[in-house]
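Protein chains in written order, with UniProt numbering: chain A, 1 to 162; chain B, 1 to 326.
Everything labelled a hint here was simulated from the structure, so no lab data went into it. Just so you know, these numbers come straight off a predicted model, no measurement behind them. Just to be clear, a hint being listed does not mean it is correct.
Cross-link-like lysine to any residue pairs, in silico, SDA-like; alpha carbons within 25 Å at most [unchecked claim]:
hint: 1; chain 1: A; residue 1: Lys161; chain 2: B; residue 2: Gln243
hint: 2; chain 1: A; residue 1: Lys141; chain 2: B; residue 2: Ala208
hint: 3; chain 1: A; residue 1: Lys77; chain 2: B; residue 2: Gln241
hint: 4; chain 1: A; residue 1: Lys41; chain 2: A; residue 2: Arg74
In silico negatives: residues of chain A with every beta carbon more than 12 Å from chain B [to be verified]:
hint: 5; residue: Arg69
hint: 6; residue: Ala70
hint: 7; residue: Arg73
hint: 8; residue: Ala75
hint: 9; residue: Lys77
hint: 10; residue: Asp78
hint: 11; residue: Ala113
hint: 12; residue: Lys131
Selected chain A positions facing chain B (Cβ under 10 Å, derived; list incomplete) [what the hints assert, rightly or not]:
hint: 13; residue: Ile8
hint: 14; residue: Lys47
hint: 15; residue: Met56
hint: 16; residue: Arg74
hint: 17; residue: Lys141
hint: 18; residue: Leu143
hint: 19; residue: His158
Heads up, the beta-carbon is just placed ideally off N, CA and C, and yes, glycines get one too.
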Amino acid sequence: MASADKLINTDVPEKDVFAFHFLQSLSNLRKQNPFDTPDQKNYRVRKIKKAAYVSMARAAGGSSRLWSRALLRRAAKDDNKIVRFSRRKRKVTWKISSKRRRSNQRAPVVEEAAERLRNLVPGGGGMETSKLMEETAHYIKCLSMQVKVMQCLVDGLHYNKN
Amino acid sequence: MDLTQGFGARSGVVGPVTGLESLNFSDEFRHLVATMPPENTGGSFTALLEMPVTQAMELLHFTDSSSSQARTVTGDIAPTTLHPFGALTFPSNSLLLDRAARFSVIATEQNGNISGETANSLQSNSGANLDRVKAEPAETDSMVENQNQNYSSGKRKEREKKVKSSTKKTKSSVESDKLPYVHVRARRGQATDNHSLAERARREKINARMKLLQELVPGCDKIQGTALVLDEIINHVQSLQRQVEMLSMRLAAVNPRVDFNLDSILASENGSLMDGSFNGESYHQLQQWPFDGYHQPEWGREEDHHQANFSMGSATLHPNQVKMEL
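Hey, can you work out the whole structure from these sequences and the hints?
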């Protein structure tokens with residue numbers, strides 16, 4: 001996929017990278033819960049969903065993207081057995097609050113949309129608006145890739161079942 | 001007069017030089033004090049205190065880049081008040097200029113300048129553009145080079161302001177993120193002070209990225225107006241996340257019937273699905289990206305074929321079909 005902008009790098013690996021990571025995580029899940037939990041289906045759904053996100057974050061570039069790092073860190077906080085996330089010293093990125101005195105000129109339309117985006121995109125809380133938009137672009141690409149992989153998987157399984 | 005009294009009250013010592021050394025004075029003052037004749041302490045101290053204070057205040061409040069004005073100010077003041085000092089004027093001037101420069105740099109919010117740099121630039125009359133405390137019309141007339149440190153990415157922005165800005169503005173505005181410097185030209189009829197330039201550069205950055213996002217999200221290029229585009233982008237992200245959730249629910253429903261045990265699959269069907277075309281591509285791609293380190297590349301390749309192939313011995317049609325879908 002040729003990105004028209006060479007300056008902002010939003011390249012994303014191919015589908016099979018995502019497929020590989022996702023299947024790996026699923027097989028790990030499988031190993032950990034050999035007897036499928038007869039209790040709530042929600043538990044398994046949540047696990048699979050989390051596995052999907054984590055594998056997506058890994059496939060999309062591990063620690064080299066802000067959102068993937070934040071996602072992995074969030075996942076590692078909850079459950080330390082499944083996710084292996086090594087803590088690395090990362091550069092501190094901070095929002096410039098010293099420019100606040102011109103805040104009325106910051107296009108309030110953009111800023112409120114940026115607020116909503118920050119809630120959606122993992123790790124968005126510490127980013128400036130322009131950086132946030134870069135991360136959103138990459139995030140959207142990775143999400144759509146992950147959705148395609150999962151769709152293929154579900155379809156394939158469904159076909160196989162019948 | 002008042003100053004001496006206040007000074008005396010503060011220090012508790014009037015007259016002898018040595019008593020003053022016990023106070024916490026800066027090195028420059030101590031140097032100046034030491035070289036002063038002792039009988040001139042009272043009067044000369046006021047002069048000493050007045051001159052540097054006013055000079056420092058001037059320099060602090062002085063936003064004009066050209067230090068020629070500063071120089072003239074000091075030039076005016078220096079000979080008159082520091083007359084008794086004679087040879088001491090220059091060292092004190094440069095030292096105080098230095099300190100004032102450093103203070104003024106610290107006082108500015110956008111502190112990208114190194115103090116030595118500023119001092120050098122002040123002294124070399126190239127002008128360091130401090131942040132605006134007092135807007136002076138003389139500001140816009142001078143040619144300034146400003147280095148602001150970009151906070152998050154560490155880039156350095158260098159902007160050029162044009163002399164006689166209203167007449168010489170160019171129509172084109174150019175921004176390049178490739179170089180470490182961002183050159184922003186003033187458009188015709190737009191303000192060229194520092195903040196507007198920064199704002200404009202930032203807005204252009206944001207607009208560039210928004211265009212990128214617009215291309216990504218389907219159906220966004222037809223929409224006019226940034227607000228709706230942003231809403232569309234947010235909706236798209238939300239819908240993608242919901243799709244992930246839906247698919248994971250479906251997978252969870254399907255999951256118990258399926259054995260995801262890839263080790264046994266790969267052990268048993270090791271060489272049966274080696275095709276030329278698809279394998280070649282995926283293998284190359286798999287080779288390229290950095291591995292986590294706990295699986296071999298071959299497994300990755302074969303997993304793609306095994307996506308739909310979990311029950312052993314299914315037809316060979318499956319891998320082909322999955323290949324085509326992928």
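| Which hints, by number, does the structure contradict? | Hint check: 11, 12 and 16 fail, others pass.
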